[in-house]
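**Q** Using the hints provided, position chain H relative to the given structure of chain F.
Letter by letter, the chains look like this.
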Amino acid sequence: MSELPGDLMYTSEHEWLRREDDGSISIGVTDHAQAALGDFVYVELPEVGQDVESGGDMAVVESVKAASDVYAPIDGKVVAVNDGLSDDPETINSDPYGEGWIVKIEPAGEIDEGALLTPDAYQALLDEEEV
Amino acid sequence: MPFIPHTEKDTEEMLEAIGAPDLDALFDEIPKDLMIESLDGVPDAMSEMAIKRLMQERAAQDGAPMCFIGAGAYDHHVPQAVWDIATRSEFYTAYTPYQAEASQGTLQTIYEYQTMIAELTGLDVSNASLYDGASALAEAALMAVRGNRKNKSGRILLAPGVNPTYEKVAAVIAGAQNITFERLEMDSVTGNTVADLPDDEAPVAIAIQQPSFPGTLEDVDRLTDWAHERGAFVIGIVNPTSLALLKAPGHWGEAGVDIACGEGQPLGVPLSSGGPYFGFMTCKQKHVRQMPGRIIGRTTDLDGQPGFTLTLQAREQHIRRSKATSNICTNQGLMVTAATIYMALVGFHGLRSIACRSHQNTARLVDGLTALDGVERLFEGPYFHEVALRLDRPVGAVLEALSERNILGGFDLQPMYPDLGNALLVCATETKTDADIEAFVAALGEVLAEGNGRSA
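Protein sequences appear in the order of chains F and H. Numbered according to the working numbering, the first sequence spans residues 1 to 131. Numbered according to the working numbering, the second sequence spans residues 1001 to 1456.
This is chain F alone, in the form it adopts within the complex (with noise of 0.2 angstroms):
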């Protein structure tokens, strides 16, 4: 198993959080999660300009084995989507924290740091699953 990328918020859905320069979140899917679903062959992503509420879809990923959503893990509103992925979402499989990203959200307030993961709790959730 790689090392987790150290300056990244996680959630326990497998997802993880980047705060960009410009203010904006930067969301993913984890390097486990790519390897546990498999790989990906569509990207459904939401439009720019929605908003998103934490806890409720985003957007779905399709792999040959199952399509599963992703989860808003704050509130706000999406400023971008990786557009990329549409033709070619194996990007996700390839490079999970860098450009396989898959939307930009800018928050709605401060972010609740307390409801997303460590990195070490992270790994820590990860280690739990394994067993």
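Heads up, incomplete: computed chain F residues facing chain H, CB under 8 angstroms, no partners named:
id	residue
1	Y42
2	E47
3	E62
4	S63
5	K65
6	A66
7	A67
8	D69
Calculated directly from the structure, the hints in this document are not laboratory data. Keep in mind that this is a model prediction, so the values were computed, not measured. Ideal placement from N, C-alpha and C gives every residue a C-beta, glycine not left out.
**A** Frame of chain F, contents of chain H only:
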């Protein structure tokens, strides 16, 4: 002989294994007020011999009338080979394949069905079928709402010729998801959608039926382009036989419809008092991920041999649970097998001659009937194999009098379209001979002359 394989002892052992005190305990989730204590309306059991006798008597009461009713289900000739082949045990005993790839024959049949239906409707992809035409419209509506994400209105417009029963079914299935159906106005001269289309908020989709339920032919190009200009999806509801003569929905207007659906019964499925039938659905490639149901694809196996497989099943209910594209996404496997054999057997030219003959017979019938006093066409314009007529008296009593003469003389449109008055919808398929048509004309002439229903 109850034909129940397990004994009382087996039942007791099974109950004990799962820790249930008795059989009733298995149903205790059902609220008491929904349970019926006794079945008073059900008579005591009869012997096999007695029940067979009773059923033969009941069947004889139906007689063998000549059927001139269409209205969604059509009396076509079904070649003997269709059901001789479809009822072979290899096809007949196979339900939806749970171990799909082990059933290559079933998958190949569905693949061939999909290929032919896609070609007939002029669209890119087909699913493996749905329950019937009505539920296919409901699924098409749900699919349009999923696919047309920019429009959140949930409002679907229906051309006036959409089968009213389909609307009812679609409203029940899709209504719970805040999808509403609204009818466009009918032009009383043509029976089609009015020339002036409303300029209000854009709908998420429009459904157009061709031929329309009252038998007219819509200007489908105009309606399709009008809807697309407004960002709406277009759903074409079509009669598969008619597509041998009429423009396929994939070619309506500039861009073609987004989704086509309809009732598959005319393709080799007997009338059978209303079912089972099957619904078909095809769409443009770009909407394929929103299409409900199974889709079979052709591929190559590890040895490079051609084979068939389920494709895009990641969105089916066994994987997606409540988020599946549909939770009634079974297919009508046996009916589809019959339809596939039917289409392969008659071929496109055969289907075309069936469609032509049906049209010619209907034209002959309409000429004969409208020569009678008190019978005229309700709408002007061309038609396929169904025509609405106006009678000078209520239709119900006339149909009753005809049925006493062993003729099912058509469908009374008034309960569904009250504004149309005394409106009778008639249909003559390729099964009707000149003598049949003359007999119907003569019988209606007698019935009208006798004054049946005039006082009603």
